[in-house]
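Trainee: Each chain, written out:
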Amino acid sequence: MITAQITGWASSLMGISLGADMAWVWEKVLQATWETLYMVAIATGLSYVFGLPLGVILVTTEEGHILESKGLNRVLGTFINAVRSIPFIIFLILVIPFTRLVVGTSIGTVASMVPLTLAAIPFVARMVETSLKEIDWGLIEAALSMGASAWQVIIKVLLPEARASIVLGVAITTINLVGYSAMAGIVGGGGLGTLAYYYGYQRYEDLIMWVTVIVLIAFVQCVQMAGDKWAGKITNQRR
Amino acid sequence: MFCIHAKGQTVLIFMGSKLKYARETDRLIQITNLSKIYHTPHQDILALDDVSLSVRRGEVFGIIGLSGAGKSTLIRCINMLEKPTRGSIMVDGQDLNALKQRELRQARQKIGMIFQQFNLLSSRNVFDNVMFPLEIAHIPPQQAQQRVAELLELVGITDKARVYPDQLSGGQKQRVGIARALANDPKILLSDEATSALDPDTTRSILKLLKDINSQLGLTILLITHDMNVIKQICDRVAVINESRIVEVGDVISIFSKPGTPTSQSFISSIINKDAPDEYISNLINRHSGSYSCLVRVSFIGASAGEPVISSMIKRHGIDANILYGNIDRVKDVPFGNLTLELIGDREAVRQSMEFLKDSGLEVEVMA
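Protein chains in written order, with numbering that gives the first Met the number 0: chain F, 0 to 238; chain W, 0 to 367.
Keep in mind the hints are simulated off the structure, nothing from the lab. Treat the hints with care, since some could be wrong.
Computed list of lysine-lysine pairs in BS3-like fashion (alpha-carbon distance at most 27 Å, straight line) [as the list claims (entries may be wrong)]:
no.	chain 1	residue 1	chain 2	residue 2
1	W	K159	W	K109
2	W	K186	F	K155
3	F	K155	W	K109
4	F	K132	W	K257
5	W	K331	W	K257
6	W	K207	W	K331
7	W	K186	W	K99
8	W	K159	F	K155
9	W	K109	W	K186
10	F	K155	F	K132
11	W	K159	F	K232
12	F	K155	W	K257
13	W	K207	F	K69
14	F	K155	W	K82
15	W	K257	W	K210
16	F	K232	F	K132
17	F	K69	W	K99
18	W	K357	W	K314
19	W	K314	W	K331
Quick partial rundown of chain F residues pointing at chain W, CB under 10 Å, derived from the structure [what the hints assert, rightly or not]:
no.	residue
20	D135
21	A141
22	A142
23	L143
24	S144
25	M145
26	P159
27	R162
28	A163
29	Q236
30	R238
The beta carbon of each residue, even a glycine, is placed where N, CA and C say it ideally should be.
Sequences are here, hints too, so could you generate the full structure?
Mentor: Below, the structure written as structure tokens:
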């Protein structure tokens, strides 16, 4: 119902008379939205599976930290910076051979998840790093003074203490990936990106273009709100 | 001073006229020639310079120094949060330098520590914060929960068990910190400026709690502070640290009555006024230029504070005594005071009066 309202509002805004093609637009948009959601959700999940441990390693291998290892820290840091400095649209093309190797094709939603995940991993690692660095060293010192191992410090101090901040990071990552997924859409990745590109850009179908934009705005708002709410709940529980 | 080894580990130490018995095993912490150097790209910083100290089982030992003196590094060397550059740390007969990682973690479970900033986990409530060290030590949950309940009772915050640290006052947070530090039945409690972030009333109540724990559980406490009041209220012995070196060690009462170094003197004068103002005294001396007068500072410790020594002196030697300044205080539980007197009269009578004061067990120091 809400979406019907949005489309209604959008079309009256643009002075377009709606007829039978409205149903067709809906079908297209709905399917594309679903594809985007699916793609972004899986890519976010997978990027945390790899990015979270990397973030933990980035922090703990720093000089003076619980798993100090200057070499590893430097190598990892440099690698992450290198990946992050490649614009996503180029990265997307660069990893096509790898995508083919993993998925068998470079076209479609499933194929898009590969570059999305790969690009998000270093981003997630840096987000997690920032979150973990907010933790007062005194807490780590206290745990060490009780005889905690490095693993116990990570599991019982670092991650729980940074939970609210990590949750906000998930929201930011998801929103970033929505943007990335649109780029993937241009090279046949499916989802709202493909829809907007094929119909909106190549066929001048303004309606589809606008509906896509509105859906994206709504989606990003929802993700950010959910993230804020969840993080707020974690923080409030402690007050 | 000399030592005689006799009957196993018993050592007799003659110090002045006092005979002290000390068993070697009574030295719970033995720090020998400890140095710590921090290497920075531009220079090496000497944080501890050849420090040797021993802490006896069951005592409250204080280390006092200004910020930057090295006390924070010193206390962190005792549980190896800072690795010593040179020297050894023995805790209960165990050389901490020689331990492997796993053994060190086990040793740390028996060395509790409390902090100025409390360092409680904000993601856990009070109960779970105290539970934390028990989880680290892999104590079975049921046993651990029972232990936590006992500890909360001991420090008096049972009613706050389900509350998160953000909702607690500073004093309550430190009580949680103490309960947490005691969870694994430590041999030693290290206190890193534990009362420095607290107001005077709360400081007093936390110090009282520490003192009770020391006397009831017989727990050895080693604390660092920059506040002489803390030393005065709960310490048995004190070490004064200045510019990375230990400059003085001794019983609190003797350091208070006879500080041997300028650093100790300035710490003591920060809380106890020993003298009347200078101009006041010089005016007085000029006034009596006719007859013989002598300015003395008399210090008394313990029992003699209760006897009418001054009045006996006046009666017996026929001199006048002008009381210029007086002060009485309490160090741990011993009364301790000093009096600035002007003795006026015959030169010989004044000399005899001073002898009399010394014979009565007082410290007499001629000022002018």
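Trainee: Taking the hints in turn, state whether each one holds.
Mentor: Taking the hints in turn, this is what the structure says about them:
Distance hint between W/K159 and W/K109 is fulfilled; the C-alpha atoms sit about 26 Å from each other, no more than 27 Å. The suggested pairing of W/K186 with F/K155 holds, with an alpha-carbon distance near 25 Å, which does not exceed 27 Å. Our distance criterion of 27 Å between C-alpha atoms is met by F/K155 and W/K109, whose separation comes to about 20 Å. Annotation: proposed proximity of F/K132 to W/K257 is violated, straight-line Cα distance about 48 Å (limit 27 Å).
Annotation: proposed proximity of W/K331 to W/K257 holds, straight-line Cα distance about 16 Å (limit 27 Å). The suggested pairing of W/K207 with W/K331 holds, with an alpha-carbon distance near 11 Å, which does not exceed 27 Å. For the hint pairing W/K186 with W/K99, the CA-to-CA distance comes to about 20 Å; that is within 27 Å, so the pair holds. Of the pairs offered as hints, the one joining W/K159 and F/K155 holds, with about 22 Å between alpha carbons and a cut-off of 27 Å not exceeded.
With a C-alpha separation of about 6 Å, the suggested pairing of W/K109 with W/K186 holds against the 27 Å cut-off. A distance of roughly 15 Å separates the Cα atoms of F/K155 and F/K132; the hinted pair therefore holds under the 27 Å criterion. Pair hint W/K159 plus F/K232 holds up; C-alpha atoms about 21 Å apart against a cutoff of 27 Å. Taking the CA atoms of F/K155 and W/K257, the gap is near 49 Å; set against the 27 Å cutoff, the hint is violated.
With a C-alpha separation of about 46 Å, the suggested pairing of W/K207 with F/K69 is violated against the 27 Å cut-off. Distance check on the hinted pair: F/K155 and W/K82 sit about 24 Å apart at the alpha-carbon level, within 27 Å; holds. Distance restraint check for W/K257 and W/K210: the Cα-Cα separation of roughly 25 Å lies within the 27 Å cut-off, and the hinted pair is therefore satisfied. For a cut-off of 27 Å, the pair hint linking F/K232 to F/K132 stands: about 21 Å separates their Cα positions.
Distance restraint check for F/K69 and W/K99: the Cα-Cα separation of roughly 22 Å lies within the 27 Å cut-off, and the hinted pair is therefore satisfied. For a cut-off of 27 Å, the pair hint linking W/K357 to W/K314 stands: about 16 Å separates their Cα positions. A C-alpha spacing of about 34 Å is found between W/K314 and W/K331, which places the hinted pair above 27 Å, so the restraint is violated. Nearest Cβ of chain W to the Cβ of F/D135: about 7 Å, under the 10 Å cut. The hint holds.
With a least beta-carbon distance of about 4 Å to chain W, the hint placing F/A141 at the interface is held under the 10 Å criterion. With a cut of 10 Å, the hint placing F/A142 at the interface with chain W holds, because the nearest CB-to-CB distance is about 7 Å. For the restraint placing F/L143 at the interface with chain W, the shortest Cβ-Cβ distance is roughly 6 Å, inside the 10 Å limit, so the hint holds. Interface hint at F/S144: satisfied, since its Cβ lies 4 Å from the closest Cβ of chain W, which is below the 10 Å cut-off.
Look at F/M145: its Cβ gets to within about 4 Å of chain W, closer than 10 Å, so that hint holds up. Given hint, F/P159 at the interface with chain W, holds; its Cβ is 4 Å from that chain's nearest Cβ, closer than 10 Å. Taking 10 Å as the C-beta contact cut-off toward chain W, the hint placing F/R162 at the interface holds, the least distance being around 7 Å. A cut of 10 Å between beta carbons decides the hint on F/A163: the least distance to chain W is about 9 Å, and the hint holds.
The interface hint given for F/Q236 holds, since its Cβ lies 7 Å from the closest Cβ of chain W, which is under the 10 Å cut-off. Because the beta carbon of F/R238 sits about 5 Å from the nearest beta carbon in chain W, less than 10 Å, this interface hint is met.
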